[in-house]
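There are 2 protein chains.
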Amino acid sequence: MARAPELGSDVHRERHRAVLETAARLICEKGYEAASVQDIADACGLTKAGLYYYIRSKEDLLLEIMNYGMDVFEERVLLPVLTIADPVERLKTCMEKNIFLVTEGWSKEVTIILHEHETLTGAARAQINARKKRYVHFLESTFEEAVREGRIRRVEPRVAAFSFLGMILWIYKWFRPEGKIPSEQLVREMQDLFFGGLETVPARTKRTGKTERTSAAAKARSRNKEKAA
Amino acid sequence: MARAPELGSDVHRERHRAVLETAARLICEKGYEAASVQDIADACGLTKAGLYYYIRSKEDLLLEIMNYGMDVFEERVLLPVLTIADPVERLKTCMEKNIFLVTEGWSKEVTIILHEHETLTGAARAQINARKKRYVHFLESTFEEAVREGRIRRVEPRVAAFSFLGMILWIYKWFRPEGKIPSEQLVREMQDLFFGGLETVPARTKRTGKTERTSAAAKARSRNKEKAA
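Chains as they are written, first to last, in the working numbering: chain V, 499 to 727; chain E, 499 to 727.
Hints are computed from structural coordinates only; laboratory data are not their basis.
Worth double-checking, as some hints may not be accurate.
It does not matter which identical chain is meant; a pair holds if it fits inside one copy or across any two.
[Said to hold, decoys possible] With a cut-off of at most 25 Å between alpha-carbon atoms, the simulated DSS-like pairs for lysine-lysine come out as follows: (1) K630 x K678; (2) K630 x K556; (3) K546 x K556; (4) K631 x K678; (5) K528 x K556; (6) K595 x K546; (7) K606 x K630; (8) K630 x K671; (9) K631 x K595; (10) K595 x K671.
Using the sequences and the hints, build the whole thing.
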């Protein structure tokens, strides 16, 4: 790389991000203990001194990768859905955005490293755990709100929140971008799977003032009603 | 420990199992690389020579822990459900048994090690992967069968199978046996969550010849029908 870019400049931010992504890939391949600072510098095309322009220490680098992963998550998934008034729409959009983040947004390495926060210790570990818990709490309270408003049937919010998370966060283990299932289909299937049996009134045309896409489950139900009639 | 029990005896089997559970706990705590054979022997209350009566090598031990985890899984989850004629009942019972295995049957350590099969290499890795794939294939083909028989609405079997797995295998990350949700409730909630929106005819009294427990989702649907009538 050329001479170090100015701190706070776009180039610096971009290179910093590239360092985090490259380090994440290497730590995933070799394991955190086995990947040396020299290895990481080599992989980034930097000298060790050059690398230390972007990071403070190896431990700090790991924390930075996790904070970077959580930044991207909050920016792309959590913040855009907070303003959605209807709790079910908020959850469905959140599911959509989180699935896209796992299939397209995050590198696989960041996803894996986020799962392995046990490597961190002390305050760093507490910091990442607190950020993750904020997401769980958002999900739990949104499920509670949806039950309270009669939008979904009664569920245990904790089980609903972690089932939602388990389905989504497991995706990186099996999904192949070049496979036969496009991410858009994955989103639709998972939304129908999860909310198909939960919603008490699937198409809330009154509430939103527009026609919502009717889920496959709702279609099946209306077919059954037709048969019964 | 006393003198070595006879190979193939109940005592040998029991001690062998105890060695695998103890080794799993240690490998989880320290990491596979950091946990030495001496550490594992100490934790088991055996000399190194005594430990080698139960294991062939450290690599082999890791493979054995995974095979042990898969043995317990097949014995407690997969085999008992294979003979259930109705595909939806087969999947629901499978979900119940797998949840109980994660919350009670497997130690947390075996669960975690099963997730981390990347540590294995070559033939050992292929062996464990093949055993895991058998489960995925069982789930996919059972979802296909349920669609074909009109028991559930159309779903992508691969998405359904991995959503089912993600919900269940994520449990070890958040579930606390001493927490406020008993495993029986967890099973009911997850079955309703997953199958509530899938089943086209929730209570198949004709097929099984007995009244099935009506899911909460089905109850909600019939309430809606009553309102609509």
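Out of the numbered hints, which ones does the structure contradict? As far as the earlier hints go, only 6 is violated by this structure.
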